[in-house]
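**Q** Each chain, letter by letter, is given below.
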Amino acid sequence: MTPEKLALTTTSPAPRPRSEGGTDSALAAELTRSLGPKKVLSNLSERLSYRYDAIQFGVTPLAVVLPESTEDVIATVRAARRAGVSIVGRGAASGLSGGAAPMREAVVISFTRMTKLEIFPERREAVAQPGVITLAVTEAARPHGLIYPPDPASFRTSTIGGNLGENAGGPLCFKYGVTGDYVTALDFVDAEGELHSLTRDAYDLAGLLIGSEGTLGLITSATLRLTPPPRFTRTLMAHFAEVGQVAEAVSAAIAAGAVPGKLEFMDGACTNAVEDYLHLGLPRDAGAVLLVDTDGDDLDTVEEERALVEAACLQAGGQVRRAASDAESAALWQARRSVSPALGRIRPQRMNEDIVVPRSVLPEVVREIRALGDASGLKLVQFGHIGDGNLHPNILFDPRRESEEAVHLLAHQIALVAIRHGGVLSGEHGIGTMKREFMRDAVDPETMTALRNVKRALDPAGALNPGKILPDPEDA
Amino acid sequence: MNNDIPVRELGPQGEVMAHAVDACVHCGFCLPACPTYALLGDEMDSPRGRIVLMKEVLEGGLDLLDAAPHLDRCLGCQACVTACPSGVPYGELITSFRGWSEPQRRRSPLDRAKRYAILKALPAPRLFSVAARVGQYAKPLAPALPAALRGPLDLLPEHVPAMQPSPRVTPAQGPRRGRVAFLTGCAQQALAPNFNAATLRVLARNGIEVVIPEGQGCCGAAALHTGARDEALRLVRANLDAFNPDDYDAVLSNAAGCGAGLKEYPVILHGLHDEARAKAFAAKVQDISEYLAGLVREGGLEPFMPASRSLKVAYHDACHLAHAQGVRAAPRELLRMIPGVSIVEIPEGDLCCGSAGTYNLEQPELAGQLGARKAGHILSTAPDLIASGNIGCHTQIQSHVRRQGSAAPVMHTVEVLDRAYRGEL
Ligand SMILES: Cc1cc2nc3c(=O)[nH]c(=O)nc-3n(C[C@H](O)[C@H](O)[C@H](O)COP(=O)(O)OP(=O)(O)OC[C@H]3O[C@@H](n4cnc5c(N)ncnc54)[C@H](O)[C@@H]3O)c2cc1C
Ligand code: SF4
Ligand code: SF4
Chain A
1 MTPEKLALTT
11 TSPAPRPRSE
21 GGTDSALAAE
31 LTRSLGPKKV
41 LSNLSERLSY
51 RYDAIQFGVT
61 PLAVVLPEST
71 EDVIATVRAA
81 RRAGVSIVGR
91 GAASGLSGGA
101 APMREAVVIS
111 FTRMTKLEIF
121 PERREAVAQP
131 GVITLAVTEA
141 ARPHGLIYPP
151 DPASFRTSTI
161 GGNLGENAGG
171 PLCFKYGVTG
181 DYVTALDFVD
191 AEGELHSLTR
201 DAYDLAGLLI
211 GSEGTLGLIT
221 SATLRLTPPP
231 RFTRTLMAHF
241 AEVGQVAEAV
251 SAAIAAGAVP
261 GKLEFMDGAC
271 TNAVEDYLHL
281 GLPRDAGAVL
291 LVDTDGDDLD
301 TVEEERALVE
311 AACLQAGGQV
321 RRAASDAESA
331 ALWQARRSVS
341 PALGRIRPQR
351 MNEDIVVPRS
361 VLPEVVREIR
371 ALGDASGLKL
381 VQFGHIGDGN
391 LHPNILFDPR
401 RESEEAVHLL
411 AHQIALVAIR
421 HGGVLSGEHG
431 IGTMKREFMR
441 DAVDPETMTA
451 LRNVKRALDP
461 AGALNPGKIL
471 PDPEDA
Chain B
1 MNNDIPVREL
11 GPQGEVMAHA
21 VDACVHCGFC
31 LPACPTYALL
41 GDEMDSPRGR
51 IVLMKEVLEG
61 GLDLLDAAPH
71 LDRCLGCQAC
81 VTACPSGVPY
91 GELITSFRGW
101 SEPQRRRSPL
111 DRAKRYAILK
121 ALPAPRLFSV
131 AARVGQYAKP
141 LAPALPAALR
151 GPLDLLPEHV
161 PAMQPSPRVT
171 PAQGPRRGRV
181 AFLTGCAQQA
191 LAPNFNAATL
201 RVLARNGIEV
211 VIPEGQGCCG
221 AAALHTGARD
231 EALRLVRANL
241 DAFNPDDYDA
251 VLSNAAGCGA
261 GLKEYPVILH
271 GLHDEARAKA
281 FAAKVQDISE
291 YLAGLVREGG
301 LEPFMPASRS
311 LKVAYHDACH
321 LAHAQGVRAA
331 PRELLRMIPG
341 VSIVEIPEGD
351 LCCGSAGTYN
361 LEQPELAGQL
371 GARKAGHILS
381 TAPDLIASGN
391 IGCHTQIQSH
401 VRRQGSAAPV
411 MHTVEVLDRA
421 YRGEL
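For the protein sequence lines, the chains are A and B, in the order given.
Using full-length UniProt numbering, the first residue of the first sequence is number 1, and each one after it goes up by one.
Using full-length UniProt numbering, the first residue of the second sequence is number 1, and each one after it goes up by one.
So here's chain B without its partners, still in its complex pose (with noise of 0.2 Å):
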C-alpha cells in the first residue's frame, strides 16, 4: 500500500517496516486466519488493520499511543503470513516496529516490573526456576490475586521439576553420522528439563552426537518481540559468538518459538554488521522435527516399539512452527511412524492457543479466552494423547484441557518419540 514512511530516518529496520507495507494491499484475506479478529471482530485487531495503524505511526498522523491498544494485542503467531498471498513479512513488521516503539512508550510502574523480571528472568534458566518455584506456591493463592499477577501463574506447569545439567557433549550411539549444536534454551531447561534430555536420546540414538556450546544464551526472541531491541541484540551477539555453524550439520532448537527466532537473525541484524554471520547461521538453524524428519529421507531413523495399545495423538501446530517456520509435515510424518499412533487434526487448527510468549501476562484476557477455546477443540477430538513442540503451547495447553476436565497427558513431539524407543508408550 502506498506510504510516506520517512525510511531514511528509521534506519535499516525502516527499510523492513516499509517493505512490509508495501506489499500489503489490504485485501483481507488474512482477517479470517487472525485469533484477535476472531474473539473481537473490529478491523483494528485485525493483520490489516495493524498494518494501516503502524503506517499510520510511522508516517506521524496518529500518536503512538492511540495505536497501542490494539498492536499489543497482537500475539505475533503469524498466522496472518501464513494466510498472506501477498507475501507480507509482518512477523517482520510487527517486531521491528516494537523495537522502534517501545523506547516511546510511556508504562506503568507495574507493568516495567513486570516486563523487566520476566525479561531478566527468562534468559536466566536458575533464576527462572527459583521464580517458578516461588510462583508454584503462590498458584493456589491465584483466585485471589489481581488479573496483573495471576496472569504470570498461568505460565507455570503443574510441577517445576529440579534442574538438570546438560552435557557439553553427547555421543553419538553407533556410527556417527551426524554432529549438531543444540540451544538448550532457556525458560525450557526450567520447566520441562525432559525435553532437552528426549532430545538428547532420541539424537543420539540415530547417531548424531550434540555439542551444547558454551556461552549460549537465551535466544533473545522474548526481548525482541516485547520490543527491548538492545537486550536482543545483546542476547544475538552472544549466541553469534557461542555457535561457530561451520563447525556444525545444523543448529538444532526443540523450542519452536527460539527455533523461530533463531531463523530471524538476519532480519534483526538487517543493516547491521553482523548481518552476513546472521545469515551463515540462520541457514543451519533447524526444529528438532525439521532435522529428524530429514534424517528419514537420508537412511532413516532407528525403528520405534509399537505403543502398548493404539493411541490417537492431537498434534497442535505451535505458531512459530507452522506459521513462523512453515513446519506442518515434518512432525506429524514423526509422530506416524510408532506403530500404534494415528494423528488426529484439531478443529480450527491454525489458530493460536493464546501462549505466545508473553502474552498470558500482558494480555491475560484473551489469552484465557483462546487458551479456553483451543482446549474445547483438542478435547472434541477426544485424544488420548496431546503432543506439541513448543513449551509455551505446552504449559498453555495443559493448563486449559485440565481446567475442562481431561487428563490425557500432554507432550513435546520428541518426547513421544523419546518414550516409543524405550517401549513407554
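Only chain A is shown next, with the shape it has when bound in the complex (with noise of 0.2 Å):
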C-alpha cells in the first residue's frame, strides 16, 4: 500500500511498537522529573488512548503530557526538542481529517486540563485556554447576555484549541462567520519552546496559526469576541424528493435576499441514519431534508425571512413544515448535529470530504457526487453547512468487504468535482492526513513552496505535527 493509501485508511493498523525503548522511556522520564508525575502519562495503555482522533489512528505516542500552564507546554516542547522528538497537539481529538493522530512517533500535548475561561462582559469578549470545551464558552458567556457563535457539531466534545487548529464552522457560519472570525488575540508557543502573543494587526500571524493543524505553533490562550443572540430564531424543514432540488431552494433563497443563520442539508441516507438514533419522525422517505433558522432581532423579517426560504422550497418541489415550537426545533437541530456519528449505523468506517464550492453550482455538484457514487457502487452520503456551499460528501465503507481503493479513488474524484467547479478541498474539518495528497491537485507549485516556507520559518526541524496538511516534496 502506498503512503497516500495508508493515510487513507481511517483505522489503518498503524505500526504499534510493543517495546519501550530507550529514548522514549528517557524522554517520558526527564518530562516527568520536570513537570511531575501527575501529568505525564508514559504506561502503554495510557499512551495507546492518545494515538487517534475520530477518524485516524496513527503511531502510539512516546509520552503524553497533559499540561496545566503555558509554562508546562514551554518546557514540554523544549524536553521534546532536545530529544529530537516531534509534537502533536490535541484538544478533544474530535477532528475529522486525522489532525491529532500522531504520524510518527511524538510526544503528545493534549490540552484537556487546560481549562480556564474568563468572560469580560464590558469589552464582550472572553478569553480561552485551549482545552476550554467550544459549549462552555456560550454557556459561561449567557448570563451576561452574550453567546460564543463559532458552533461546530461537535460543540459538546471539542476544544477551543482544536477548533482553532482546524478553524473551525458550524451550522451558525453561514452568517456569522467561522471560528477565526471571532478570534482578536492568540498565544502561542512556537517549536523551539518560545512563547509569543499576537494580535490581528500587521502580518496577521494569528490568522496563520488559526487553521494551522498545530503544524506551526501551540496555541495557550485565545482571546474570543462574544455577541448577543439574536432575539428570534424560527426553525423550518423541508424535505425533497431528490438532493439537487435542495440547492436550488437553497439558491432562490438566497438570491431572493433571505439570510437565515443557519442553512443545513443531509440526504436521505443520513436521515435515517439519525432517525434510527432519535426516533424524531424525521421523512423517511425524502431524497433530501434542508433545515433551516432565520434569526434576528426584529420579528417581522425573521418571519418574512422565513416565508423567503418557504416558497423557495416549495418552488424547488420541496414539503414544508415549520416547527411548532422550541423543543422541536431542538430535537431539529439535534438531529442534524448527530448525522456524523450516527453515520457509523450504516457502515464501520467512512472518509469524509469538506468541499466546499460556489452556491451558484451547487445543484451540479450534489447531482455531480450523487452520480459518482452511484456509479462506484460504494455507499455515498451528502450532507454539509449548503449555505456556505460547504458539503460533506462520506463515503462510508466496510474494510472487511469493500476496497480501499475504490474508496481512495471515489474521494479523489469528490474532490476533483470541488476544485473543478471552483472550489477547495476544506471548509472546516482541515486537510490533516486526510487529504494531504489532493493538495497536489488543489495549490500550484508555487503556492505550495510559500506555504513550505512558511512551514520552514515558525518550524525549521519540522517537529510540529509531521504528516499533516503539505504533501512530501515529490523528490524527497
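Treat the hints loosely; a few may be bogus.
Unchecked claim - Output of the computed footprint for chain A on chain B, the stretches with three or more beta carbons under 8 Å from beta carbons of chain A:
1. 38 to 44
2. 84 to 96
As the list claims (entries may be wrong) - List time: in silico EDC-like cross-link candidates among lysine to aspartate or glutamate, alpha-carbon distance up to 16 Å:
3. Lys38/A <-> Asp42/B
4. Lys379/A <-> Glu402/A
5. Lys175/A <-> Asp388/A
6. Lys312/B <-> Glu345/B
7. Lys279/B <-> Asp246/B
8. Lys39/A <-> Asp42/B
Keep in mind that the hints were calculated from the coordinates and are not lab data.
Source: prediction; values computed, not measured.
C-beta atoms are modelled at their ideal positions from N, C-alpha and C, and glycine is treated no differently.
Combine both chains into one complex, guided by the hints.
**A** Structure below.
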C-alpha cells in the first residue's frame, strides 16, 4: 500500500511499537522529572489512548503530557526538542481529518486540563485556554446576555484549541462566520519553546496559526469575541425527492434576499441513520432534508425571511414543515448535529470530505457527486452547511468487504469535482492526513513552495505535527 | 472501528464484543456524558478510550493488567450509550468483557474477600440483613477504618429495618385489571422493605394482582457486572425457571438495576440454549413506573389525595432506569399526577450519582466525589423531597445530602405514590 493509501485507511493498523525503547522512556522520565508524575503519561495503556482522533489511528506516542499551564507547554516543547522528538497537539480528538493522530513517534500534548475561561462582558470578550470545551464559552457568556457563535456539531466535545487548529465552522457560520472570525488575539508557543502574543494587526500571524492544525505552533490562550444572541429564531424543515432540489431551493432563497442563520442539509441515508438514533419522525422516504433557522432582533423580518425560504422550497418541489415549538426546533437541530456519528450505523468506517463550492454551482455539484457515488457501487452520503456551499460527502465502507483503493479513487474524484467547479478541499475540518495528497491538485507548485517556506520559517526542524497538511515534496 | 478481535476463540460473547467495537466510530460524542471523564479528564477513562483499551486487550496488543485500572473505574452507568449516535452497545461490551476477563485477574486477598462477601450476601436477603445490621454498628467507627472497609459502610442506609415477609399473592382491589409477577429484589428487601410494600399496595389499589413467584432470586446483575459470569448464569437460569412469562401481563421490578439486569438476559444467554426463553422473558419485563404509566393510558389510575402542601420534588434519574432502560418520562408523569407536586430538574441530571452497584466498594474515592457532586446539584434546586427509582441511588443520595446538611426526605417514586394514596404526603 502506498503511503497516501495508508493515510486514507481511517483506522489503519499503524505500526505499534510494543517495546518500551530507550529514547522514549528517557524522554518520559525527563518530562516526569520536570513536570511531576501527574502530568505525564507513560504506560502503554495510557499512550495507546492518545494515538487516534475521530477518523484515524496513528502511531502510539512516546509520551503524553497533560499540561496545566503555558509553562508546562514550554517545558515540554523544549524537552522534546532536545530529544529530537516531534510534537502533536491534541484537544478532544474529535477532528475529522486525522489532525491529532501522530504520524510518527511523538510527544502528544493534550490540552484537556487547560480549561481556564474568563468572560469580560464589558469588552464582549472571553479569554480561553485551549482545553475549554466549545459549548462552555457560550454557557459562561449567556448570563451576561452574550454568546459565542461558532458552533461545530461537535461543540459539546471539541475544544477551543482544536477549533482554532481546524478553524472550525458550524451551522451558524453562514450568517455569523467561523472560529477565525471571532479571534481577536492569541498566544502560542513555537517549535523552539518560545511564547508569542499575537493580535490581528500587522502581518496577521494569528490568522496564519488559525487552521494550521498544530503544524506552526501550539496555541495556549485565545481572546474570543462574543455577541448578543438574536432575539428571535424560527425553524423550518423541508424535504425533497432529490438532493439537487435542496441546492436549487437554497440558491433561490438566498438570491431572493434571505440571510438565514443556519442552512443545513442531509440526504436520505443521513436522515434515516439519525432517525434510527433519535426517532423524531423525520421523513424517511425523502431524498434530502433541508433545515433552516432564520433569526434576528426584529420578528417581522425573521418571519419574512422564513416565508422567503419556504417559497423557494415549495418552488423547488419540496414539502415544508415549520417547527411549532422551541423543543421541536431543538430536536431538529440535535438531529442535524448527530448526522456524522449516526452514519456509523450504516458502515463502520468512512472517508469524510469537506469541500466548499460556489453556491451558484451547488445543484450541479451535488448531482455530480451523487452520480459518482452511484457509479462506484460504494455507499455515498451527503450532508453539510449548504448555505456556505460546504458539503460533506462521506464514503461509508467496511474494510473487510470493500476495497480501499475504490474508496480512495472515489474520494479523489469528488475532490476533483470541487476543484473543477472553483471550490476548495476543506471548509472546516482541515486537511490533516486525509486530504494531504489532494493538495497537489488544489495548490499550484509556486503556492506550495510559499506554504513550505512559511512552515520552515516557524518550524525549521519540522517537529510540529509532521505528516499533516503539506504533502511530502515529490523528490523526497 | 476496524479490529482483529479473534471472535471464534472468544465464543458467543466474542461476537457481542466485536460487534460493539465495530460500531464505534471513535467520534468522541460520548465523552462529555461520562462521569469518570468528567472527574479525571483523560482519554483512558472515557467511553471511547475504554472501547479502544478493550479492543487492544482482546486483540492481544495490550496486557489486561495494564488496561484494568481504567476499565475498573467504569461505573457501567451507560450514559455513553444514551449519548452515542452510532448505537454502540457499550453496556453489552463492558459486561461481556468483564465476564471474559475476570477469571484471568489476580486480585489481592482483601479484594477477593470483599467481592466474595458481597456476591454471596447480595442474593441472600436474610444474610444481607444480618450483615447490614452488623455494619450499622460499625458505622460510627468509619472514620477510623481503612478506606477499603469504609466503602461498604457507605452503602448502608441510616436505619436498617427489620425484614418483612412478602405475601406470595396480593389480590387486586376491586375488579381485576391485570396480573403481574414481581421480582422482590435481594439487598433491597433487607435495606428498604417499604419499597416493596408500597409497590404491592399501589398495584393492588389499581386492580392489579401481584404474584411473587417462588424460587426467584437475585437478578444476577451484580455478579455479572463484577465479572462473576458462572454465578450470574446460575442466578439467571433460576429466575427463568421461576417466572413463566406466559402466566403474567408483565414481570415487574422496582429496582432500576435489577430491571435492567432482567432485560439483559438475552445478551447474557446469547448463543446459549436458553436464549429464546430469555427473549420471551425479557420482553415482559418492565419497571414499575413504566407499567403504571401504561395503566394511565389504559383507563387511568385511581386518583391521588392532594399533598398537604405544595411539594417541589427533585426527581433523580437512576442510570439503570434512564440510560439502560430508557425510562425517563414515566416516573415524572406519575409524580406530576399528584395534586400539589411539581418536579424540578437537577443540573447535570444525566451524571451518575456514583452508587452504581458495588462501585462504592471498588472505587470509594470516585464514588464519593460523584456522590458529593450529585448531592450539591440536587440541593441547589432546594427540593422538599427527593425521588428516585433505585435502591443504590437512594442510599448514596441520602448519605450525601445528609452530609451536606439537608434533611429532605429521599424516597422511591412508588413510595411517593403510595403516600399520596394514603393522604400522608
Ligand atoms: C461528529 C462530529 C461532528 C463534527 N462537526 C463539525 C462541524 O460541524 N464543524 C467543524 O468545523 N468541525 C466539525 N467536526 C470536526 C471537529 O470536531 C473539529 O475539527 C474540532 O474543532 C476539533 O476540535 P478538537 O478539540 O477535538 O481538536 P483535535 O481533533 O484534538 O485537534 C484538531 C487539530 O488541532 C490541533 N490542535 C489541537 N489543540 C491545539 C492547540 N492548542 N494549538 C495548536 N493546535 C492544536 C491538533 O493538532 C489537530 O491538528 C466534527 C467532528 C465530529 C466527530
Ligand atoms: S459516541 Fe459512540 S461511536 Fe462515538 S466514540 Fe462514543 S461510543 Fe464510539
Ligand atoms: S458506562 Fe458510564 S462510566 Fe462507563 S464509560 Fe460509559 S459513561 Fe463512562
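**Q** Evaluate each hint against the coordinates.
**A** Outcome of the hint check:
no.	hint	verdict
1	38 to 44	holds (count 4)
2	84 to 96	holds (count 5)
3	Lys38/A <-> Asp42/B	holds, 11 Å
4	Lys379/A <-> Glu402/A	holds, 10 Å
5	Lys175/A <-> Asp388/A	holds, 9 Å
6	Lys312/B <-> Glu345/B	holds, 10 Å
7	Lys279/B <-> Asp246/B	holds, 12 Å
8	Lys39/A <-> Asp42/B	holds, 11 Å
Checked against the numbered hints given earlier, the structure satisfies every one of them.
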